[in-house]
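**Q** Please take these sequences and the hints and turn them into a complete structure.
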Amino acid sequence: MGNPMKIRAAVKDGVTEVKVLMQHNMETGLRKDADGNLVPAWFITEVKAQHMGRTVLEAQFGQSVSKNPYLMFRFKGGAAGEKITVSWVDNMGDTRSDEAAITA
Amino acid sequence: MTIRSGHEVVNMERRNALKAGGSFGLLALFGAFGLMKSGVALAAWNKPAFSSKTMDDALAAMGAVAPEANSVFIQLTVPEIAENGAIVPVTVVSTIPKTEQVSIFVDKNPNVMAANFVFPEGTESMVTTRVKMGKTANVVALVKADGKFYRTAKEVKVTAGGCGG
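Read top to bottom, the protein sequences are chains L and S.
The working numbering puts the first residue of the first sequence at 1, with every later residue one more than the last.
The working numbering puts the first residue of the second sequence at 1, with every later residue one more than the last.
No wet-lab data here; the hints were simulated from the structure.
Errors might be hidden in some of the hints.
Among the chain S residues that face chain L by a calculated CB cut under 8 Å, a handful are [said to hold, decoys possible]:
{"id": "1", "residue": "Asn46"}
{"id": "2", "residue": "Phe50"}
{"id": "3", "residue": "Met55"}
{"id": "4", "residue": "Asn109"}
{"id": "5", "residue": "Pro110"}
{"id": "6", "residue": "Met113"}
{"id": "7", "residue": "Asn116"}
{"id": "8", "residue": "Phe117"}
{"id": "9", "residue": "Thr123"}
{"id": "10", "residue": "Glu124"}
{"id": "11", "residue": "Thr128"}
{"id": "12", "residue": "Lys132"}
{"id": "13", "residue": "Ala153"}
{"id": "14", "residue": "Val156"}
Beta carbons: idealized from backbone N, C-alpha and C, even for Gly.
**A** See the structure below:
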């Protein structure tokens, strides 16, 4: 299920700027816990952002992306009130999808 | 290009199959589905690249042999010194026409490739994210534009590593 993302999208001069903060541990698989056991790799592998059903960004992540990944990007178009949907998949097969309305 | 030629092959197969009968038509349809699936897989998570331990291996896995160095049209913004290697902000802006993809690497991390971004038509060729750095290393930005690869790099001095342990 994953934890909810924070998505902010604002349109200015015909360009929509999207900021996404995902909640995910992004375990590298190289870290050891207090007992010296390796913590298994657990990280987001794919991210997709869509505006009204059209893909505006696709990303693939490795273990080197920070915990609680942050993304900022811009696309042409978008109007106040329209929806941005961001979804991710992690290496354990967990997924999460959230949406936000574009603000002016 | 492969997909297009694939479709042509399938269309021909399908034409023949339609002549031969319905069951072959179905087979051709399955064939088309298989091709579509493999086409999608190409854009998906690139395991060899993300598992690469060296920059050379990662670049090879990305299909980027000897990318051209370009620090004028690729703006890579990273801090000079990162007090916390767990959160190092990275911004890549490419002004190379027809930029379609930006990848970010940390050359001394155990797995060097951090992220890959694909920009569809209409999306600006820029992105900001945050990466982990185990120690002082170069952050490398690889840009694919019009099928060609370009790169630039900047060193970030890390005072406290960001990979736990």
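**Q** Against each hint, give a clear statement of whether it holds in the structure.
**A** Tested hints:
1. Of the supplied interface hints, the one on asparagine 46 of chain S holds, with its beta-carbon coming within about 7 Å of a beta-carbon of chain L, less than 8 Å.
2. Given hint, phenylalanine 50 of chain S at the interface with chain L, holds; its Cβ is 4 Å from that chain's nearest Cβ, closer than 8 Å.
3. Given hint, methionine 55 of chain S at the interface with chain L, is violated; its Cβ is 13 Å from that chain's nearest Cβ, farther than 8 Å.
4. Checking asparagine 109 of chain S against chain L: minimum C-beta separation of about 5 Å stays under 8 Å; hint holds.
5. The interface hint given for proline 110 of chain S holds, since its Cβ lies 6 Å from the closest Cβ of chain L, which is under the 8 Å cut-off.
6. Against a cut-off of 8 Å between C-beta atoms, the interface hint on methionine 113 of chain S holds, since the closest Cβ of chain L lies about 5 Å away.
7. Taking 8 Å as the C-beta contact cut-off toward chain L, the hint placing asparagine 116 of chain S at the interface holds, the least distance being around 5 Å.
8. Hint status for phenylalanine 117 of chain S relative to chain L: holds, with the closest Cβ pair at about 5 Å, below 8 Å.
9. At a threshold of 8 Å, the smallest CB-CB gap from threonine 123 of chain S to chain L is about 4 Å, leaving the interface hint in force.
10. Residue-level restraint check for glutamate 124 of chain S holds (minimum Cβ-Cβ distance to chain L is 4 Å; threshold 8 Å).
11. The closest approach between the C-beta of threonine 128 of chain S and any C-beta of chain L is roughly 4 Å, which is under the 8 Å cut-off, so the hint is satisfied.
12. Interface restraint check: lysine 132 of chain S against chain L, minimum CB-CB distance 5 Å, threshold 8 Å, status holds.
13. Proximity of alanine 153 of chain S to chain L is violated relative to the hint, the smallest CB-CB distance being about 15 Å (cut-off 8 Å).
14. At about 13 Å, the closest approach between the beta carbon of valine 156 of chain S and any beta carbon in chain L exceeds 8 Å, and the interface hint on this residue is violated.
Consistency with the previously given hints fails for numbers 3, 13 and 14, ordered from lowest to highest.
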